[in-house]
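All chains should be modelled from the sequences, with the hints used to inform the complete structure.
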Amino acid sequence: MQIVKSVEKRFESVNSQVPVIAVPNLKQLEVLKEENTTEVREFLKVRPVHTVVMSSFIQDNGLESELNRGIYYGYRNDEGQLEGVALIGHSTLIEARSEEALTAFAMIARESETPIHLMMSDGTAIEKFWTLYKQDGSQPRLKFTEKLFDLKFPFPIQECEWNVRKAEKSEIEQIAKAHAEVALLESGVDPMEKDPEGFIQRCLRRIEKGRTFVVFENQKLVFKADIVAETDDVIYLEGVYVSPEYRGRNIGSKCMSKLGANLLSKVENICLLSNLEFKAAHRCFEKAGFSSTDQCTTIFV
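Position one of the sequence shown corresponds to residue -16 (our numbering), numbered consecutively onward.
It should be emphasised that the hints constitute simulated quantities derived from the structure, not laboratory data.
Take these hints with a grain of salt, some might be off.
Below, in silico cross-link-like pairs of lysine-lysine (BS3-like), each with a Cα-Cα straight-line distance of 30 Å or less [claimed, not checked]:
| hint | residue 1 | residue 2 |
| --- | --- | --- |
| 1 | Lys16 | Lys249 |
| 2 | Lys152 | Lys203 |
| 3 | Lys203 | Lys160 |
| 4 | Lys262 | Lys177 |
| 5 | Lys135 | Lys16 |
| 6 | Lys249 | Lys28 |
| 7 | Lys130 | Lys10 |
| 8 | Lys130 | Lys262 |
| 9 | Lys10 | Lys28 |
| 10 | Lys192 | Lys249 |
| 11 | Lys203 | Lys126 |
| 12 | Lys270 | Lys192 |
| 13 | Lys130 | Lys270 |
| 14 | Lys160 | Lys149 |
| 15 | Lys28 | Lys16 |
| 16 | Lys249 | Lys152 |
| 17 | Lys111 | Lys262 |
| 18 | Lys135 | Lys117 |
| 19 | Lys117 | Lys130 |
| 20 | Lys270 | Lys160 |
| 21 | Lys130 | Lys177 |
| 22 | Lys203 | Lys262 |
| 23 | Lys130 | Lys192 |
| 24 | Lys262 | Lys160 |
Simulated DEER-style distance windows between Cβ atoms [unchecked claim]:
| hint | residue 1 | residue 2 | range |
| --- | --- | --- | --- |
| 25 | Lys270 | Ser95 | 18 to 24 Å |
| 26 | Phe136 | Phe261 | 21 to 27 Å |
| 27 | Lys10 | Phe261 | 25 to 31 Å |
This structure is a prediction, so every number in the text was calculated from the model and none was measured.
Cβ coordinates follow ideal geometry from the N, Cα and C atoms, glycine included.
Dropping the structure here:
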């Protein structure tokens, strides 16, 4: 692919600006195609919780789809085996199991035709990725650490009097507004101002797929949570929201506990990420039965 060749030609001059890095062979970097699907899914399945978003996009859209809002790349070792898989695009997600793979993905990300909005990895790998990606010492717009919460049986299920159900398309206005509030809090960008039409369409697509769960009282949204990614083994939740006038009444933990118990009839694990500073949200998730199992780093460009 031309983009890989252009990065390879530039690599020597770019690399000279970095004091110490693992030098990748960019001939081992490739754009992944549908024919690679089985191999890629097996690679990602080694760490199903950490790679659930990439795996879910592949399951939903395939490796080659505009809906992924980016391009899937693979990096192979000398024996031709995958050492890394990355989705480079709007949401840039990295699963690199060697320094060479991480460096190669950072180099190709510099050529991304899709503007990068956020970058994410477990631990602190994405911070090194950012350094290799930018090269000039500049800082990201926003960077924070998130706790990874995990839910699986057995756990104590709270009694919940609320009707946690799948959302309906007619409820899109309140749901999109609530989700935009969560996005603004997390990223500092209001998607309803930046791209209202695209944002509403993405919210609507989740509703149509049966991946948005809500509680309403007197036609007022009380609680919301979305499945952003789903595989055969793991469901990843985001956009957890409780309306301000209902907060402090244990509604969030009760609804999350009930929703979690229902979803665990389909998969072995449910996970979500929460900013390290959101202590009240952490207490809610822990009351619902979630356990903190790891940390991830998220960078907003």
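The hints, checked one at a time:
| no. | hint | verdict |
| --- | --- | --- |
| 1 | Lys16 <-> Lys249 | holds (29 Å) |
| 2 | Lys152 <-> Lys203 | holds (15 Å) |
| 3 | Lys203 <-> Lys160 | holds (12 Å) |
| 4 | Lys262 <-> Lys177 | holds (28 Å) |
| 5 | Lys135 <-> Lys16 | violated (33 Å) |
| 6 | Lys249 <-> Lys28 | holds (17 Å) |
| 7 | Lys130 <-> Lys10 | violated (36 Å) |
| 8 | Lys130 <-> Lys262 | holds (10 Å) |
| 9 | Lys10 <-> Lys28 | holds (25 Å) |
| 10 | Lys192 <-> Lys249 | holds (15 Å) |
| 11 | Lys203 <-> Lys126 | violated (34 Å) |
| 12 | Lys270 <-> Lys192 | holds (28 Å) |
| 13 | Lys130 <-> Lys270 | holds (15 Å) |
| 14 | Lys160 <-> Lys149 | holds (17 Å) |
| 15 | Lys28 <-> Lys16 | holds (18 Å) |
| 16 | Lys249 <-> Lys152 | holds (24 Å) |
| 17 | Lys111 <-> Lys262 | holds (27 Å) |
| 18 | Lys135 <-> Lys117 | violated (39 Å) |
| 19 | Lys117 <-> Lys130 | holds (26 Å) |
| 20 | Lys270 <-> Lys160 | holds (26 Å) |
| 21 | Lys130 <-> Lys177 | holds (27 Å) |
| 22 | Lys203 <-> Lys262 | holds (26 Å) |
| 23 | Lys130 <-> Lys192 | holds (27 Å) |
| 24 | Lys262 <-> Lys160 | holds (23 Å) |
| 25 | Lys270 <-> Ser95: 18 to 24 Å | violated (40 Å) |
| 26 | Phe136 <-> Phe261: 21 to 27 Å | holds (26 Å) |
| 27 | Lys10 <-> Phe261: 25 to 31 Å | violated (44 Å) |
Violated hints, in rising order: 5, 7, 11, 18, 25, 27; the structure is consistent with all others.
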